[in-house]
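Visitor: Here is how the chains run, residue by residue.
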Amino acid sequence: MDAMNELKEWVGNNNTELADWAADAEQYTNDFKSGAISEDEYKELMEDLKRSEKISQAADDLAVRSRANELLDNLIIAAGAVL
Amino acid sequence: MKRLYVAFLILLATTLQGCATLDYFDMARFDNNEYLLAVQVRTQANLGARKCGTPEVNGEVSKLWEDTLNLKNYAESIPNNEETITMSSELLEIVRGLDQRYNIDKKDVSMSYCTSKFGNIEKNATIITNVVGKKPR
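Chains as they are written, first to last, in this note's numbering: chain U, 204 to 286; chain P, 10 to 146.
One should not assume that every hint holds.
[Stated by the list, open to error] Derived DEER-like restraints, expressed as beta-carbon distance ranges:
no., chain 1, residue 1, chain 2, residue 2, range
1, P, K115, U, A226, 26 to 34 angstroms
2, P, P88, U, N208, 42 to 50 angstroms
3, P, F34, U, E229, 35 to 43 angstroms
4, U, D205, P, L45, 41 to 49 angstroms
5, P, R38, U, M249, 31 to 39 angstroms
6, U, K257, P, L56, 19 to 27 angstroms
7, P, N82, U, E273, 25 to 33 angstroms
8, U, D243, P, T63, 33 to 41 angstroms
9, U, L274, P, L56, 36 to 44 angstroms
10, U, E229, P, R105, 19 to 27 angstroms
Hints were generated in silico from the structure; no laboratory data involved. Values in this document were obtained by computation on a predicted structure and should not be read as measured data. Beta carbons: idealized from backbone N, C-alpha and C, even for Gly.
Chain U with its partners taken away, still in its complex shape:
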């Protein structure tokens, strides 16, 4: 099994974000094989996917933290109204 098929199988269809990332990787690989992009362009685009993953992780962390803060703020407001 080649690396691309292995990647697709691993990602499966259960995780939208990973599937999106795998689709980009597949597109870049096809572009490279067809000669539409050079080898160094291909390597750079694949490195960008790793950076994109870090951005997604930080975004998820920020979204959870923002929601937790909002809930705490609401709790303080609600408690203030009761007392």
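Here the structure of chain U is known, so what remains is to put chain P in place on it, guided by the hints.
Guide: Using the frame of chain U, we list chain P on its own:
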């Protein structure tokens, strides 16, 4: 006064559970300027993609680099803003590759690379804009 008392009780409770819990709630709030800078990066990535394959693309890349650097530098100046600093720093590294090819090395750049690169930058800038826009007010 009552709100202050309740806030004090909650703070005391979280402190008793450990300082890490308290740190978790100590975060940078929504900032109009930061949000605008993120939107500008997203917009510039969209506009730049339209110029792929034309001589004007170099100028668009320079503007994108400047906008992304502005976002990173501004995010870094805000205390307790770790996630946004991480996101903007990683995005700047993605943009750096584009700027390097077009404006520093002045290499021949393929059309597919150009559109893929701008597309990836716009996608990431959209993610950043969405979460920065939802920071607590």
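Visitor: Just to be sure I understand the hint, the distance between the Cβ atoms of U:E229 and P:R105 should be within 19 to 27 angstroms; is that true here?
Guide: The hint (19 to 27 angstroms, Cβ to Cβ) holds, given that U:E229 and P:R105 are roughly 25 angstroms apart.
Visitor: For the hint 42 to 50 angstroms, verify it against the beta carbon of P:P88 and that of U:N208.
Guide: With Cβ atoms ~47 angstroms apart, the hint holds.
Visitor: Evaluate the given range 33 to 41 angstroms for the C-beta pair formed by U:D243 and P:T63.
Guide: At roughly 22 angstroms between Cβ atoms, P:T63 and U:D243 fall outside 33 to 41 angstroms, so the hint is violated.
Visitor: Between the beta carbons of P:K115 and U:A226, is the distance compatible with 26 to 34 angstroms?
Guide: holds, 31 angstroms
Visitor: Can you let me know if the beta-carbon spacing of P:F34 and U:E229 is within 35 to 43 angstroms?
Guide: holds, 41 angstroms
Visitor: Does the hinted range 36 to 44 angstroms hold for U:L274 and P:L56 at CB?
Guide: About 38 angstroms separates the Cβ atoms of U:L274 and P:L56, which means 36 to 44 angstroms holds.
Visitor: CB of U:D205 to CB of P:L45, is that within 41 to 49 angstroms?
Guide: The hinted range 41 to 49 angstroms holds for U:D205 and P:L45, with Cβ atoms some 45 angstroms apart.
Visitor: Evaluate the given range 19 to 27 angstroms for the C-beta pair formed by U:K257 and P:L56.
Guide: holds, 25 angstroms
Visitor: Given a hint of 25 to 33 angstroms, does the C-beta separation of P:N82 and U:E273 actually sit inside it?
Guide: holds, 27 angstroms
Visitor: Does 31 to 39 angstroms hold as the CB distance between P:R38 and U:M249, or does it fail?
Guide: holds, 36 angstroms
Figure legend: structure checked against the earlier numbered hints; the only hint not met is number 8.
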